[in-house]
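Asker: Sequence:
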Amino acid sequence: AGSNGSAVPFHLHADAFNGLVYGKKHWSLYAPQRREPPPGYPVSGGHRKWLREILPTVPPQQRPLQCVQEAGDLLYVPQGWY
Numbered sequence: 001a002g003s004n005g006s007a008v009p010f011h012l013h014a015d016a017f018n019g020l021v022y023g024k025k026h027w028s029l030y031a032p033q034r035r036e037p038p039p040g041y042p043v044s045g046g047h048r049k050w051l052r053e054i055l056p057t058v059p060p061q062q063r064p065l066q067c068v069q070e071a072g073d074l075l076y077v078p079q080g081w082y
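Numbered according to my numbering, the sequence shown spans residues 1 to 82.
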C-alpha cells in the first residue's frame, strides 16, 4: 500500500506474488545476474528522482525491466530479483 506518487527503493525479493486491488503501480526490476546498484542510483531515498532524471540517461542495456501493474493484475517476482 502506498499513497499516490510513493516509491520504494530497489531491494531483493524472495518469491513474491503481488496483487493490486486499486490504482496503478510502476515496477522497475533487475534480474539476479545484476548485483550492483543501477548507474547513478542514490544510496538512500531519491527513487522517484532517479526514475525521472537519471534513468533516461542510463544505457539501454543497463536499464531495468519495467511494467505497469493495474488493478486486478497479479505480478510474480522471482527470488533474487530486485
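Simulated from the structure, these hints should not be mistaken for laboratory data.
Take the hints with a grain of salt, since some may be wrong.
Within a straight-line C-alpha distance of at most 25 Å, the following computed DMTMM-like cross-link-like pairs (lysine to aspartate or glutamate) qualify [said to hold, decoys possible]:
id	residue 1	residue 2
1	25	70
2	25	53
3	25	36
4	49	36
5	25	15
6	24	70
7	24	53
Restraint ranges, calculated between C-beta atoms of paired labels, are given here [claimed, not checked]:
id	residue 1	residue 2	range
8	77	42	19 to 25 Å
9	54	31	27 to 33 Å
10	68	31	16 to 22 Å
11	72	37	29 to 35 Å
12	4	33	30 to 36 Å
Glycine residues also receive a C-beta, built at the ideal position from the N, C-alpha and C atoms.
Asker: Holds or violated: residue 24 and residue 70, Cα atoms, limit 25 Å.
Answerer: holds (5 Å)
Asker: Compare the distance between the alpha carbons of residue 24 and residue 53 with 25 Å, and conclude whether the hinted pair is satisfied.
Answerer: Since the Cα atoms of residue 24 and residue 53 sit roughly 21 Å apart, the hinted pair holds (cutoff 25 Å).
Asker: Range first: 29 to 35 Å. Now tell me if the beta carbons of residue 72 and residue 37 are that far apart.
Answerer: holds (32 Å)
Asker: So if I understand the rule, the pair passes when the alpha-carbon distance is 25 Å or less; does residue 25 with residue 70 pass?
Answerer: holds (7 Å)
Asker: Check whether the Cα positions of residue 25 and residue 53 lie no farther apart than 25 Å.
Answerer: holds (19 Å)
Asker: In this structure, is the beta-carbon distance linking residue 54 and residue 31 contained in 27 to 33 Å?
Answerer: violated (20 Å)
Asker: Please work out if residue 25 and residue 15 have their alpha carbons no farther apart than 25 Å.
Answerer: Holds. Residue 25 to residue 15 sits at ~18 Å (cutoff 25 Å).
Asker: With the threshold set at 25 Å, check whether the alpha-carbon distance from residue 49 to residue 36 stays at or below it.
Answerer: holds (19 Å)
Asker: Below or equal to 25 Å on CA atoms is what counts here, so check residue 25 against residue 36.
Answerer: holds (24 Å)
Asker: Residue 77 and residue 42, beta-carbon distance inside 19 to 25 Å?
Answerer: holds (22 Å)
Asker: For the pair residue 4 and residue 33, does the Cβ-Cβ distance stay inside 30 to 36 Å?
Answerer: holds (33 Å)
Asker: Range hint 16 to 22 Å: satisfied by the CB atoms of residue 68 and residue 31?
Answerer: holds (19 Å)
Checked against the numbered hints above, the structure breaks only hint 9 and satisfies the rest.
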